[in-house]
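So you can see what is in the structure, the chains are spelled out below.
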Amino acid sequence: MDVSQYLDVFIDESKEHLQNLNTQILDLEQEPGNMDTINEIFRAAHTLKGMAGTMGYKRMQNLTHNMENVFSEVRNGAAKVNASVVDVLFQCLDALDEYVTNIQTTGDEGDNDNENLIKAFNDFLAGNEPDADKEAPKAEVESKDEPADKQETEDKSGKDDDASWKKIKFAESQLVVMREAIKEGKNVIGLTVTVQESCILKAARAFLVYKAIEDLGEIIVSNPSAQDIEDEKFDLEFSLIVISDSDTDKLITAATNVSEIEKAIGGYVELDASSAESEKASEQTEDSNKPAVTDNKPAASEGAGNAPAKAADKKKPVVNRTVRVDIEKLDDLMNLVSELIIAKNSLVSAATTKGAGSNNVNEQIEYLESVTTNLHESVMKVRMVPIESVVNKFPRMIRDLQKKLNKKMELYMSGEETELDRTVVDEIGDPLMHLLRNSADHGIENDVALRKERGKPETGSIWLDAYQDGNNVVIEVRDDGNGIDVAAVRNKAIERGTITEEQAASMSDAEITNLLFLPSFSTAKQVSDISGRGVGLDVVKSKIESLSGEVDVKSVYGEGSKWTIRLPLTLAIIQSLMVVIGGEKYAIPLGNIQTIESVVPEEIKTVQHKEVINLRGSVIPIIRLNEVLGCESTRKPDEDFIVVVVKKGDVQAGLVIDELTGQQEIVIKSLGKYINKSKVISGATILGDGEVALIIDPNALI
Amino acid sequence: MNEVKVFSEATQYIKIAVGEEFYGVDISVIENIVRMQRITRVPNVAAYIKGVINLRGEIVPIMNLRLKIGLEEIEYTKDTRIIIIKTENYGKIGLIVDAVKEVVALEEDQLEKLPYDNTEENHFVSAVGKVDNTLVSVLDLGVVLYDKQSKEES
Numbered sequence: 001m002d003v004s005q006y007l008d009v010f011i012d013e014s015k016e017h018l019q020n021l022n023t024q025i026l027d028l029e030q031e032p033g034n035m036d037t038i039n040e041i042f043r044a045a046h047t048l049k050g051m052a053g054t055m056g057y058k059r060m061q062n063l064t065h066n067m068e069n070v071f072s073e074v075r076n077g078a079a080k081v082n083a084s085v086v087d088v089l090f091q092c093l094d095a096l097d098e099y100v101t102n103i104q105t106t107g108d109e110g111d112n113d114n115e116n117l118i119k120a121f122n123d124f125l126a127g128n129e130p131d132a133d134k135e136a137p138k139a140e141v142e143s144k145d146e147p148a149d150k151q152e153t154e155d156k157s158g159k160d161d162d163a164s165w166k167k168i169k170f171a172e173s174q175l176v177v178m179r180e181a182i183k184e185g186k187n188v189i190g191l192t193v194t195v196q197e198s199c200i201l202k203a204a205r206a207f208l209v210y211k212a213i214e215d216l217g218e219i220i221v222s223n224p225s226a227q228d229i230e231d232e233k234f235d236l237e238f239s240l241i242v243i244s245d246s247d248t249d250k251l252i253t254a255a256t257n258v259s260e261i262e263k264a265i266g267g268y269v270e271l272d273a274s275s276a277e278s279e280k281a282s283e284q285t286e287d288s289n290k291p292a293v294t295d296n297k298p299a300a301s302e303g304a305g306n307a308p309a310k311a312a313d314k315k316k317p318v319v320n321r322t323v324r325v326d327i328e329k330l331d332d333l334m335n336l337v338s339e340l341i342i343a344k345n346s347l348v349s350a351a352t353t354k355g356a357g358s359n360n361v362n363e364q365i366e367y368l369e370s371v372t373t374n375l376h377e378s379v380m381k382v383r384m385v386p387i388e389s390v391v392n393k394f395p396r397m398i399r400d401l402q403k404k405l406n407k408k409m410e411l412y413m414s415g416e417e418t419e420l421d422r423t424v425v426d427e428i429g430d431p432l433m434h435l436l437r438n439s440a441d442h443g444i445e446n447d448v449a450l451r452k453e454r455g456k457p458e459t460g461s462i463w464l465d466a467y468q469d470g471n472n473v474v475i476e477v478r479d480d481g482n483g484i485d486v487a488a489v490r491n492k493a494i495e496r497g498t499i500t501e502e503q504a505a506s507m508s509d510a511e512i513t514n515l516l517f518l519p520s521f522s523t524a525k526q527v528s529d530i531s532g533r534g535v536g537l538d539v540v541k542s543k544i545e546s547l548s549g550e551v552d553v554k555s556v557y558g559e560g561s562k563w564t565i566r567l568p569l570t571l572a573i574i575q576s577l578m579v580v581i582g583g584e585k586y587a588i589p590l591g592n593i594q595t596i597e598s599v600v601p602e603e604i605k606t607v608q609h610k611e612v613i614n615l616r617g618s619v620i621p622i623i624r625l626n627e628v629l630g631c632e633s634t635r636k637p638d639e640d641f642i643v644v645v646v647k648k649g650d651v652q653a654g655l656v657i658d659e660l661t662g663q664q665e666i667v668i669k670s671l672g673k674y675i676n677k678s679k680v681i682s683g684a685t686i687l688g689d690g691e692v693a694l695i696i697d698p699n700a701l702i
Numbered sequence: 001m002n003e004v005k006v007f008s009e010a011t012q013y014i015k016i017a018v019g020e021e022f023y024g025v026d027i028s029v030i031e032n033i034v035r036m037q038r039i040t041r042v043p044n045v046a047a048y049i050k051g052v053i054n055l056r057g058e059i060v061p062i063m064n065l066r067l068k069i070g071l072e073e074i075e076y077t078k079d080t081r082i083i084i085i086k087t088e089n090y091g092k093i094g095l096i097v098d099a100v101k102e103v104v105a106l107e108e109d110q111l112e113k114l115p116y117d118n119t120e121e122n123h124f125v126s127a128v129g130k131v132d133n134t135l136v137s138v139l140d141l142g143v144v145l146y147d148k149q150s151k152e153e154s
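Residue numbers (the working numbering), protein chains in the order written: chain A, 1 to 702; chain B, 1 to 154.
Source of the hints: derived by calculation from the structure; they are not laboratory data.
All values derive from a computational prediction rather than experimental measurement.
A few of these clues could be false.
[As the list claims (entries may be wrong)] Straight-line distance between alpha carbons at most 30 Å, and here's what the computed DSSO-like set of lysine-lysine pairs gives:
(1) K543(A) with K92(B)
(2) K585(A) with K86(B)
(3) K673(A) with K15(B)
(4) K554(A) with K543(A)
(5) K130(B) with K669(A)
(6) K673(A) with K86(B)
(7) K585(A) with K15(B)
(8) K669(A) with K92(B)
(9) K679(A) with K78(B)
(10) K50(B) with K15(B)
[As the list claims (entries may be wrong)] Non-contacting residues of chain A with respect to chain B, defined by C-beta distances greater than 12 Å in every case (computed):
(11) E260
(12) L336
(13) R422
(14) E691
All C-beta atoms in this analysis are idealised placements derived from N, C-alpha and C, irrespective of residue type, glycine included.
The whole structure should be built from the sequences, with the hints applied where relevant.
Below, the structure is given as structure tokens:
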């Protein structure tokens, strides 16, 4: 059976529960006695345990089980939460997170048992209160039960001589494999597992047995074949031949540990006997073909059954990214699609009825337009997820940093519900983390006395605020710490040769501060493992820019700094100005455009061999797009110029174009990797008539 | 029975005409063959890249095979076609060819492998096959698509 179809859901939900646990345990640390929180944690841990169990992740299940025990005691009032157990809990969450990550990348939970954590939990339970002992004996009773079971099954296996596994006949190749294994000192074990009659999901149970056994050894023969078992083409029992380092008991225990398994019997395979049998079988082949066919069947189907399982093991997930969608949003989408179909039909009928049609067609086109606009909005909404999923991990991070850096600080967050495109949300986690770490490490003063002197409370504050601003989402990271020492940055820049002293003298404080975003520029006097290697801010900047966003910093020395990230709501569809240059159509994103001016040729002056215009007091360099794009302008030199003034940050530039055709909503398409070398062109779009127009990226021109 | 077997062992090629010669393109990499259409020029790229087209909502870069293999550009005729090739690394790419002839099946032993030779003429050809007295050179698409020029420039 294949559980991979549930893997996506499992990973998504596990992450959600882990996040929830993180948040709740943070709360618990603040208010150790809050029953609601404890209940919530208990529930989440319990669900997580159940899910891990269902998917057959034993180690993960075991660890959550131990965690759950702790909370069950805490809930009963038998144990009290203290700082040390919270630390262990957090470690435990990290370990669980590691399991989930392993599962996500390799399909397997890995082989870290995290025994130290389990031991820590048990110590906590044992050492806390006499009441806590209750749990321990219970566990013992359970474990006592198990050997009893085992005994029973062993007894049975002893008696049961006609166990089905003994009837399995082997192909020559399998015998060779088994002999090899025995030579290597491994055990060849036969196993017959019987499923309870009442069991509903026989195949699922059999699969779990399969999985459990595969952990211990290699299944070389299965009767019926793995494929048949998966398809539930077996009665109540199935037999396996396993090569394993463990002994029979272990395998039987592993099999019986799966619920709804009635019994498992097994023993060592006596090779000589069975090989004699198979020799007999091969003798028989000469008489008739039948036995040979039955002989080969398990081998062949086993090969077939095993191969995909192995391939699946290795290749498996690299799980698809999913978005959970509110059913209402889907209903909206469905409605709009049906409206779209109606609009299409009306258009068709309007086009076929001649005469009075044209008026009607226009009407229908207007209708179609409103439907598509709504559809666009709805689809965008479906793709939007709250940034909550990313920022929720930060309180925990700040808590850890607080201990590591030995400073007191507090993180205040607002606007977690702000929504962004899923692709963007996935990407902003790292940059935000960099900024927060920066604030914690370099922002908040190390010296408490210095904070007092500056009239600030002992505990440092870091804020993370998110809000929507028009078509953008703004995320701000602020701290009330040291702020940026502009003089230090300036000296460092000169020292590193980034700027010359003359340049430094003419640069404003804001410009100097922005030097921090240059690669390998760190002012931290001491490199710590939290930040200060100079790989932080330039990565932040390039990441944000790759999402078509901007990042900016404002800081007052001694008072704190504020980092502002501005991101577009969505990347795929933008408003743009359509222009013609040298007979070719281009699009310029409206977001970059400031104004459009008509300029007489005489107004163009040259300063340092660069053409500029003086626009209402400010001097703006102009760029002749036809030269950049390598085409002939269709305008005569004495005609007025049309200049589109664009802005990047505080820098302006004028782009000279030939003609304006209007404003249009365009869908951005990639040019593909093959010719993606032209920096000026950020993509292409398809116009109403099917023609392709290229999109100019003004940021690359400035 | 026999014929089927022969057919399945041979690789099928689309026979295209470029200049005086015939070339074969492995049919398994061909996504589509379309008529000439308006190509939007892309600035600052190699001369043999003619631009991009809209192929059912997808932007596909177009290369002129004549220019790429060192022939003169000629005017497009009614026979001119764009062969859309699907590549692993670059997605879809279109090749402008003078004409598309037919599908030919060439078996391994009908093909004569060319030793690797860095001279211009057979640089793009991995093997030569013979079909009804005409020679069909099998294009090595890896080499055709490899952007030597821009590598040199950069």
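Unmet hints by their number, sorted upward, for this structure: Checked against the structure, the hints that fail are numbers 5, 7, 9 and 14, while the rest are satisfied.
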